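A.B. asks: Chain by chain, the residues run as shown.
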Amino acid sequence: MNTSKPSARLSLLFLALLILFIGVGCVPTRLGTGWASLRLVDNNILVTYNDRILLVDSGTGRPVQLTDNDGRVRTNQDGTPLRWELLGQPTQSQFFASPVQMTDSNEVALVVDYQGKIFNANLKQACFSTASGSCVDNAPFVTIQGKIYTDVVTDDERLYLPLSEHDVLALDKTSLTEDWRFITRRGVWSAPLLIGENIYFAEMGHEFYALNAENGTKLWQVDLGGAVAASPVFYDGTPATDYADDVPAPTDMNYNLENGRFYVGTFNRSIVQISMDGAIETVFTTNDWVWSTPKVVDGVLYTADLSGTVYALDTTNNLSLIWKQDTQTTGIRARPMVTQDSVIVVSQNGIVLWLNRADGSVTLRQEINEETLSDMLYVPPTESRPEGLVVISTINPNRLLFAFTVQGQQVWLYPPAS
Amino acid sequence: MFDLILNPFITMMALFYSVFSQNIVLAIAVFTILIRLATSPLLLQQHRSTAKMQELQPKMKKLQEKYKNDREKLAQAQMEMYREAGVNPLGGCLPLLVQLPIFLAMYQTIIHALANTPYQLIDLSGRILFPGFDNIVPLQNTWAGMDLTLPPTINPTYALILPVLVMVTQWVSYKVTVPEIPPNEDGTPNQMAQTTKTMANVMMVMFGFFSLSFSVGISIYFVVSNITGMVQYTLLGKADWGKLVGKSKVKPVPTSAKTVDGNKIGSSSTVKPASARAGTTAEARQNPMSGAISKTEKRKNNKMRPRSQTN
Numbered sequence: 001m002n003t004s005k006p007s008a009r010l011s012l013l014f015l016a017l018l019i020l021f022i023g024v025g026c027v028p029t030r031l032g033t034g035w036a037s038l039r040l041v042d043n044n045i046l047v048t049y050n051d052r053i054l055l056v057d058s059g060t061g062r063p064v065q066l067t068d069n070d071g072r073v074r075t076n077q078d079g080t081p082l083r084w085e086l087l088g089q090p091t092q093s094q095f096f097a098s099p100v101q102m103t104d105s106n107e108v109a110l111v112v113d114y115q116g117k118i119f120n121a122n123l124k125q126a127c128f129s130t131a132s133g134s135c136v137d138n139a140p141f142v143t144i145q146g147k148i149y150t151d152v153v154t155d156d157e158r159l160y161l162p163l164s165e166h167d168v169l170a171l172d173k174t175s176l177t178e179d180w181r182f183i184t185r186r187g188v189w190s191a192p193l194l195i196g197e198n199i200y201f202a203e204m205g206h207e208f209y210a211l212n213a214e215n216g217t218k219l220w221q222v223d224l225g226g227a228v229a230a231s232p233v234f235y236d237g238t239p240a241t242d243y244a245d246d247v248p249a250p251t252d253m254n255y256n257l258e259n260g261r262f263y264v265g266t267f268n269r270s271i272v273q274i275s276m277d278g279a280i281e282t283v284f285t286t287n288d289w290v291w292s293t294p295k296v297v298d299g300v301l302y303t304a305d306l307s308g309t310v311y312a313l314d315t316t317n318n319l320s321l322i323w324k325q326d327t328q329t330t331g332i333r334a335r336p337m338v339t340q341d342s343v344i345v346v347s348q349n350g351i352v353l354w355l356n357r358a359d360g361s362v363t364l365r366q367e368i369n370e371e372t373l374s375d376m377l378y379v380p381p382t383e384s385r386p387e388g389l390v391v392i393s394t395i396n397p398n399r400l401l402f403a404f405t406v407q408g409q410q411v412w413l414y415p416p417a418s
Numbered sequence: 001m002f003d004l005i006l007n008p009f010i011t012m013m014a015l016f017y018s019v020f021s022q023n024i025v026l027a028i029a030v031f032t033i034l035i036r037l038a039t040s041p042l043l044l045q046q047h048r049s050t051a052k053m054q055e056l057q058p059k060m061k062k063l064q065e066k067y068k069n070d071r072e073k074l075a076q077a078q079m080e081m082y083r084e085a086g087v088n089p090l091g092g093c094l095p096l097l098v099q100l101p102i103f104l105a106m107y108q109t110i111i112h113a114l115a116n117t118p119y120q121l122i123d124l125s126g127r128i129l130f131p132g133f134d135n136i137v138p139l140q141n142t143w144a145g146m147d148l149t150l151p152p153t154i155n156p157t158y159a160l161i162l163p164v165l166v167m168v169t170q171w172v173s174y175k176v177t178v179p180e181i182p183p184n185e186d187g188t189p190n191q192m193a194q195t196t197k198t199m200a201n202v203m204m205v206m207f208g209f210f211s212l213s214f215s216v217g218i219s220i221y222f223v224v225s226n227i228t229g230m231v232q233y234t235l236l237g238k239a240d241w242g243k244l245v246g247k248s249k250v251k252p253v254p255t256s257a258k259t260v261d262g263n264k265i266g267s268s269s270t271v272k273p274a275s276a277r278a279g280t281t282a283e284a285r286q287n288p289m290s291g292a293i294s295k296t297e298k299r300k301n302n303k304m305r306p307r308s309q310t311n
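Chains as they are written, first to last, in the working numbering: chain Z, 1 to 418; chain Y, 1 to 311.
Isolated chain Z, as found in the complex (with noise of 0.2 Å):
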């Protein structure tokens, strides 16, 4: 005869370790992967997140429809107009970056998931394709050693990939084939920076580099004492002429190198002002981690902590703070967007705060109560909306993209509340 009591006993065993097995299996859905890339082409926005790469309109907040060469709507065979999307599913792809246009073709893009496949693509009919844009079902890719957690950067001759693990690569355009590759420590996770005849990156193993970009030479390193997610940015005291300067910079510009600075946020509590020749100049400490890529208008450089502090520090004098608010949220880890009043961030927990740029007061609070971590993206005026907007991305596909104008109106969500 069995007993009671060890039965019982190995129930609660049994339930124990059952907690414990779904404990365990809750792990890996509950920590994702990462957050959405916003572009503007077209004056559409790409949406690059998890395993699509969509397009949506940016004055009405709908999905753009397809459409063939005399620009009518396509339709799939019960009539329902085809949107413009493309899906990973069918190469199992995962996207971080934006796609690449190319710059002899407005049709045909680089793709390149997570995994470090690069694809082609058509962007006029949204399929993966070949080289010359012929859209096919299993469509050539090239594989590169490495995985890519942020947007690929490129100019006329090379594409150049930061890849998570280690190690910057650059790609012939043409023929993707490896032009150099530059060894690092640890990961970049952030879009390098392309200044003149120079490719510049920071790595998560506290490591600022500048290389020559045609063959990868290093010209300096500095280490600037804890790891870097965000991308540096470059200032040389040129005036903002709009809000819209956040893609990677064309190397046909006119730098005043000279005057040139890097400003860069670090996990160590940081934000570090470092010279053209790799030399530290100040270090501004801040309240938590910085995962923001700066902004710099007019001298003065806006960036916001883990914390959920926002900083204002005059470039021309030694980051001196200017002012700072504490937002009373999580943490900041998308980019400040600067209009001419205001500096607009956004939580992670999905409070959008307009501060004055002047003072740091808070003039605007706006809850779309979703995780958010993109950068938000800066939609210009046009002829038929004369304010410009602020599109913020969540990590909620049913609740993607916020669209509010620049005064704090909120103009559209994507997709459309049904």
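Among these hints, one or two may not hold up.
As the list claims (entries may be wrong) - Coverage of chain Z stretches by chain Y, computed from C-beta distances (three or more under 8 Å per stretch; other residues unrestricted): (1) 226-233; (2) 265-276; (3) 280-292.
What the hints assert, rightly or not - Under the rule of at most 25 Å between Cα atoms (straight-line distance), these lysine to any residue pairs were calculated in the SDA-like manner: (4) Lys247(Y) x Thr234(Y); (5) Lys147(Z) x Pro138(Y); (6) Lys324(Z) x Leu129(Y); (7) Lys117(Z) x Thr157(Y); (8) Lys147(Z) x Thr153(Y); (9) Lys147(Z) x Thr142(Y); (10) Lys147(Z) x Pro156(Y); (11) Lys147(Z) x Asp147(Y); (12) Lys147(Z) x Gln221(Z).
FYI, nobody ran anything at the bench for these hints, they're computed from the structure.
Note that the structure is a prediction, hence the values are computed from the model and not measured.
Backbone N, C-alpha and C fix where the C-beta goes; we use that ideal spot for every residue, glycine too.
Chain Y: place on chain Z using the hints.
C.D. replies: Okay, now just chain Y, sitting in the frame of chain Z:
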């Protein structure tokens, strides 16, 4: 709520990582050992409680037979018996339940500390409670050519040794630390022993499967945890390494006190060779600890008998 345990654990892990020359495997191993040591009193209490419960099994059986048609009286008699013996019937389970969130936190600590994606690292940023560890983040998550954040199947082939090690250490740990439960009085296998054995096998396979599916860092934790547990039991004198080679220092004896008297040896002989029986009886008489259980039981049973009969 769970963060109250998890965040200090992650901070501790960062501390060990910092102290041990940024060697994440060493940090995991040391932290695992310390956690096991910190929970030693609970383990000891669990072990004592289990042993006491085992001592009470013969009495329990008698009560069950006596009150097989009256569950209420059975429960009362059981509680009385526990009270007299000074045993908490949940004493064996409560320490386990207390340890559970600690081990769960340890597991989660490894997952979080080895943050490998931007989102995981953002999550980690709010969990390190003290400044000063900022310059070690992100923690190095490669070791011996393996990416500790990836499962063995995605790592080099030799990483597959880890799930094997997990299963082997799990099995050895079960063999040397779980006391052998003797067969029933009539010689039939004890069902509790069967269940425990089945569970141990299931757990071994399950942990092997987990090690295959989850990151290599977790496998290292499992292996170190199992080894530490065995060392703990050995230091407490509770491990029986002889069982690995079929030379257990404690031979299982049937749960009834009658086996010592030899009155019912015949029934046991159906499942045991004569030599084993002789060894059992001799050892029971020579070894004050192992024999005492049976002899004490006998005395207790003799004392208990008239009382239970009067009830």
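A.B. asks: The structure should be examined with respect to each hint, and the outcome stated for every one.
C.D. replies: Quick rundown of the hints versus the structure:
{"no.": "1", "hint": "226-233", "in the structure": "holds (count 3)"}
{"no.": "2", "hint": "265-276", "in the structure": "holds (count 3)"}
{"no.": "3", "hint": "280-292", "in the structure": "holds (count 3)"}
{"no.": "4", "hint": "Lys247(Y) x Thr234(Y)", "in the structure": "holds, 16 Å"}
{"no.": "5", "hint": "Lys147(Z) x Pro138(Y)", "in the structure": "holds, 17 Å"}
{"no.": "6", "hint": "Lys324(Z) x Leu129(Y)", "in the structure": "holds, 23 Å"}
{"no.": "7", "hint": "Lys117(Z) x Thr157(Y)", "in the structure": "holds, 23 Å"}
{"no.": "8", "hint": "Lys147(Z) x Thr153(Y)", "in the structure": "holds, 18 Å"}
{"no.": "9", "hint": "Lys147(Z) x Thr142(Y)", "in the structure": "holds, 15 Å"}
{"no.": "10", "hint": "Lys147(Z) x Pro156(Y)", "in the structure": "holds, 17 Å"}
{"no.": "11", "hint": "Lys147(Z) x Asp147(Y)", "in the structure": "holds, 13 Å"}
{"no.": "12", "hint": "Lys147(Z) x Gln221(Z)", "in the structure": "holds, 23 Å"}
The structure fails none of the hints (numbered hints given earlier).
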